[in-house]
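Peer 1: Knowing the structure of chain X, use the given hints to seat chain F on it.
2 protein chains.
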Amino acid sequence: MNFHGGNIYDYKNIKYDFSSNINPLGVPESFKNALYNNIDMLSKYPDREYRELIKSLERYLGMSGFKIILGNGAVEVIHEIISLSEFDRVYTIVPTFSEYKRGALLSNKEFHGVECYNQDYTGVDIEYLLNEVRENSLVILCNPNNPTGYYINNEEMKEISEKLNKKNCDLLIDEAFIEFTPDYPNSSFLSNLCHCPNVTIIRAITKFFGMPGIRLGYGITGDLGLWERVRQSQDPWNINTAAVIAGCTVLEDMEYIEKSRKWIEEERADFYNNLSKIKDLKVIPSAANYHLLKIVKKGMDAFNLRDILINEGILIRVPTGFYPLTRGYFRLAVLDDKSNTAILKALNFVFRMVGNESQSKNTGFHRRTYTRKN
Amino acid sequence: MNFHGGNIYDYKNIKYDFSSNINPLGVPESFKNALYNNIDMLSKYPDREYRELIKSLERYLGMSGFKIILGNGAVEVIHEIISLSEFDRVYTIVPTFSEYKRGALLSNKEFHGVECYNQDYTGVDIEYLLNEVRENSLVILCNPNNPTGYYINNEEMKEISEKLNKKNCDLLIDEAFIEFTPDYPNSSFLSNLCHCPNVTIIRAITKFFGMPGIRLGYGITGDLGLWERVRQSQDPWNINTAAVIAGCTVLEDMEYIEKSRKWIEEERADFYNNLSKIKDLKVIPSAANYHLLKIVKKGMDAFNLRDILINEGILIRVPTGFYPLTRGYFRLAVLDDKSNTAILKALNFVFRMVGNESQSKNTGFHRRTYTRKN
Numbered sequence: 001m002n003f004h005g006g007n008i009y010d011y012k013n014i015k016y017d018f019s020s021n022i023n024p025l026g027v028p029e030s031f032k033n034a035l036y037n038n039i040d041m042l043s044k045y046p047d048r049e050y051r052e053l054i055k056s057l058e059r060y061l062g063m064s065g066f067k068i069i070l071g072n073g074a075v076e077v078i079h080e081i082i083s084l085s086e087f088d089r090v091y092t093i094v095p096t097f098s099e100y101k102r103g104a105l106l107s108n109k110e111f112h113g114v115e116c117y118n119q120d121y122t123g124v125d126i127e128y129l130l131n132e133v134r135e136n137s138l139v140i141l142c143n144p145n146n147p148t149g150y151y152i153n154n155e156e157m158k159e160i161s162e163k164l165n166k167k168n169c170d171l172l173i174d175e176a177f178i179e180f181t182p183d184y185p186n187s188s189f190l191s192n193l194c195h196c197p198n199v200t201i202i203r204a205i206t207k208f209f210g211m212p213g214i215r216l217g218y219g220i221t222g223d224l225g226l227w228e229r230v231r232q233s234q235d236p237w238n239i240n241t242a243a244v245i246a247g248c249t250v251l252e253d254m255e256y257i258e259k260s261r262k263w264i265e266e267e268r269a270d271f272y273n274n275l276s277k278i279k280d281l282k283v284i285p286s287a288a289n290y291h292l293l294k295i296v297k298k299g300m301d302a303f304n305l306r307d308i309l310i311n312e313g314i315l316i317r318v319p320t321g322f323y324p325l326t327r328g329y330f331r332l333a334v335l336d337d338k339s340n341t342a343i344l345k346a347l348n349f350v351f352r353m354v355g356n357e358s359q360s361k362n363t364g365f366h367r368r369t370y371t372r373k374n
Numbered sequence: 001m002n003f004h005g006g007n008i009y010d011y012k013n014i015k016y017d018f019s020s021n022i023n024p025l026g027v028p029e030s031f032k033n034a035l036y037n038n039i040d041m042l043s044k045y046p047d048r049e050y051r052e053l054i055k056s057l058e059r060y061l062g063m064s065g066f067k068i069i070l071g072n073g074a075v076e077v078i079h080e081i082i083s084l085s086e087f088d089r090v091y092t093i094v095p096t097f098s099e100y101k102r103g104a105l106l107s108n109k110e111f112h113g114v115e116c117y118n119q120d121y122t123g124v125d126i127e128y129l130l131n132e133v134r135e136n137s138l139v140i141l142c143n144p145n146n147p148t149g150y151y152i153n154n155e156e157m158k159e160i161s162e163k164l165n166k167k168n169c170d171l172l173i174d175e176a177f178i179e180f181t182p183d184y185p186n187s188s189f190l191s192n193l194c195h196c197p198n199v200t201i202i203r204a205i206t207k208f209f210g211m212p213g214i215r216l217g218y219g220i221t222g223d224l225g226l227w228e229r230v231r232q233s234q235d236p237w238n239i240n241t242a243a244v245i246a247g248c249t250v251l252e253d254m255e256y257i258e259k260s261r262k263w264i265e266e267e268r269a270d271f272y273n274n275l276s277k278i279k280d281l282k283v284i285p286s287a288a289n290y291h292l293l294k295i296v297k298k299g300m301d302a303f304n305l306r307d308i309l310i311n312e313g314i315l316i317r318v319p320t321g322f323y324p325l326t327r328g329y330f331r332l333a334v335l336d337d338k339s340n341t342a343i344l345k346a347l348n349f350v351f352r353m354v355g356n357e358s359q360s361k362n363t364g365f366h367r368r369t370y371t372r373k374n
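Protein sequences, first through last, are from chains X and F. Per my numbering, the first sequence starts with residue 1, numbered consecutively. Per my numbering, the second sequence starts with residue 1, numbered consecutively.
One chain only, chain X, in its complex shape:
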C-alpha cells in the first residue's frame, strides 16, 4: 500500500491537517453556487468529449492548439502517460511524489530514482541526472517538487528538455503546485511547450482551488500520438459532473485566485521565518505551499513528533514513501494564520522541552541512482 498525505481518516479529532498540501481558503463560493444552480446536470451523463471543460481550461491557460488529457485527479493522467509512453524506462529525481514509481511498476516499466539533491535539499545536480538517463526513456520532474519545494526555472528546464530530446527522451513536468510559486504564471513551462515537442505538462485543480475531493487533473501536450493512445485507453465519462462544473467555474474566479495568491505570499514567508527560529529544526526553502523540515535534535524523529502532535489535534506528513528521506524529515503544508500559529506554538513547546542543539550545514551532493523492476 502506498502512503500519501491526507490520511486524516486514520485519526480522530484532527483539527489542523498539515499533511495535505491544500489551499486552506477552502471550496470556492463560485463553485458552491454553480453546483447548487446546476445540480440537476447530474441526472445526465457528462459530455464524453468534455467540450465545455476543455474550452474553460484553454481560457484559463491562455492557450489553444495543444491537446488536453483529462483525469480523475492528476494521478490518473500520470498513470496513463507512463503506461502509454513509447518508452519502457522511467527516470525521476528522488525524493518525489510516489505515484511516478508506482505507475512505472504497475506498467511493468523500469523505474530509476536518481539521487542528485545536495545534502540540504536546496539544489539538484542536473548534469548528473542527464548523464544517468539512457536513450529512449521517459523523465518525470515534479516542479516545484513534492516534498522538497525545489523549483527548476524555465531556462534550466528548457536545457533539460533539449538535452533529453537529443537522447530521444520524453519529459513529463508535473506542475501540480505551480500556481503557488512566487512568479506564477511566468514560472510555468507552458509557454515553452511549442518549442519542446517532447514535453507534456500535468496540472490539477485539486490543490490550488482547495478541492481535493473533486478529483480533476489534466495534461497538456503537443504529442498527438500520446493523446490519441490515452483517449483510446481511458474509461468513458472518467470525469464526473461535479468536477466538470468545478472546472467551468473556479478557473474564472479571479477573486479566489487573487486572494489565494495573496495568502500564499504572506503566509509562506511568515511560516518560513517562524519555523526557522526553532533551533532543532532545519527548514528547507520552498517555492510551493509546503516546507520540508529536518529534525536535528537527537532522540527525536518525524514519527515521534507525529505521535506527540496528534495529541494536540495536529497532523504532519512523515517521510514514508519519500525515499531516500530519512526518519528525521517531515513535511508541513502552509495553512492559514490560525493553523500556522497553532503548530508553531506546539513545535516551540515540543522542542523547548527536549532542549536545543546547533544546526549542522552540509551542501555536498548525493549522487546515486536506484533501479526497480517489477
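Quick caveat, the hints were computed from the structure, so don't treat them as lab data. Among these hints, one or two may not hold up.
Since the list gives no way to pick one copy over another, a pair counts as held whenever it fits inside one copy or between any two copies.
With a cut-off of at most 30 Å between alpha-carbon atoms, the simulated DSSO-like pairs for lysine-lysine come out as follows [said to hold, decoys possible]:
| hint | residue 1 | residue 2 |
| --- | --- | --- |
| 1 | K158 | K32 |
| 2 | K15 | K32 |
| 3 | K262 | K44 |
| 4 | K55 | K44 |
| 5 | K67 | K12 |
| 6 | K32 | K338 |
| 7 | K298 | K282 |
Peer 2: For chain F alone, coordinates are given in the frame of chain X:
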C-alpha cells in the same frame, strides 16, 4: 471510439433522451440536501479506504463478509476485473454492453462474443454458451442484459456458475440494471454469492438513482486475491467526495426507492403495451428499464428513424456498438409518462406515414461465436 448512450451533447435541443437508460425521477432530493450540507467536505481528500461508503453499501445490500471494489463508474470496475483476472480469455453473450469487449482488448485478452440468442432476442441457448467456453476463462453476463432486457433467473445462473466452476472459469455478473427488475431484490444473484466462489457481481448507482453524472460503481466478491490485486492497481482516491456523499445517502432514501419501483412497474407495462400496438415495430419484452425494438417496415432503419425523431427533439439509441444487431434495431429507455407519450405520438406519426406491414415471427436460434484478439 466506442459508442454509448447519452450522446445528447452531439445534438441540439434534445427534449426527450431515450438513448440513456436512466431513472427519469432525477437526482434524489436526499442527495441534494446532503451535498448542500456537506459541501465543505470537498476541501479534504476522501478517505482512501472509503470506510463509511463501504458500510453504507453493505447496509443497502444487507450483507457483509464480502469484499467491495469501488469504481469511478461501473466501467472502471469492469475494466479492472477483466485486466486483473487470472484468465486471458473473456466470453460473453452478444449483443451486450460494449465495454466488456473493449476491456478485454485493452488488456490484450482474447474476446469471444457468443451469439446464442434466438432470433426474437427472447431467449438464450445456455448450453451452447457453456459448450463454447474453454477452461480457464472469464465469462461476463449482463443481467438483465443491455440492450435486450433479457433476464437469466437465479436457478439458471446458479447452474451456469457451477458448470463454469467445473471448468475453472470465473463468472462476472453485471447487475447494473437489477434494481429495475420486477422481483428485486430476489432477482439479484447476491444471496447466492456465498455458495459460488467463482462469481463476482457488479452494480452501479448511476442508473437506478438517476445520477449518471456522479460515477459510482461497485463490485462484490468473495475472491480475496482479485480484490487485493484490484486494490493494488487502482489509483488512490478514485471515488470523488460527491460520489461518497451520494452513496452514503441515496441508498437509504426509501421514499425515492419506492417511488422509482412504482414508476418502473407502471410505465414499463404501459410503454410496452403501447409500443406493441405499432404494427411496424416488434417490441422485445424486458426485465429492465428499456426495450429493444425492431423495425419491420421496409425502407426504414434505426438511423433513418433517429434522424427523423431528432427533429422532434427525441433521441433514440441506434445499434452501433451492439454487434450483431442489424440496422433495424434500436433501444428506448422507459421514461416518465409525459416523455413516453411524446415518443409514442411521434412513432405513431412516423409509422402511419410510411404505412404498415405485418410482423414476422421467428424463434429459431443463432448459434455462433466470434473471436477478436488485439
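Peer 1: All hints, please: hold or fail.
Peer 2: Now for the hints, and whether the structure bears them out:
For a Cα distance limit of 30 Å, the shortest separation of K158 from K32 qualifies neither inside one copy, at 39 Å, nor across copies, at 48 Å. In the homo-oligomer, the alpha carbons of K15 and K32 lie at most 30 Å apart both inside one protomer (23 Å) and across protomers (27 Å), since each shortest distance falls under that limit. For the homomeric pair K262 and K44, the shortest alpha-carbon distance between copies (22 Å) is at most 30 Å, but the shortest distance inside one copy (38 Å) is not. Proximity of K55 and K44 under a CA criterion of 30 Å is satisfied in both settings, with 20 Å inside one chain copy and 27 Å between copies.
With identical chains, the CA atoms of K67 and K12 are at most 30 Å apart between copies only, with a shortest distance of 25 Å across copies and 43 Å within one. Proximity of K32 and K338 under a CA criterion of 30 Å is satisfied intra-copy only: 24 Å inside one chain copy versus 32 Å between copies. With identical chains, the CA atoms of K298 and K282 are at most 30 Å apart within one copy only, with a shortest distance of 13 Å there and 82 Å across copies.
Checked against the numbered hints given earlier, the structure breaks only hint 1 and satisfies all the rest.
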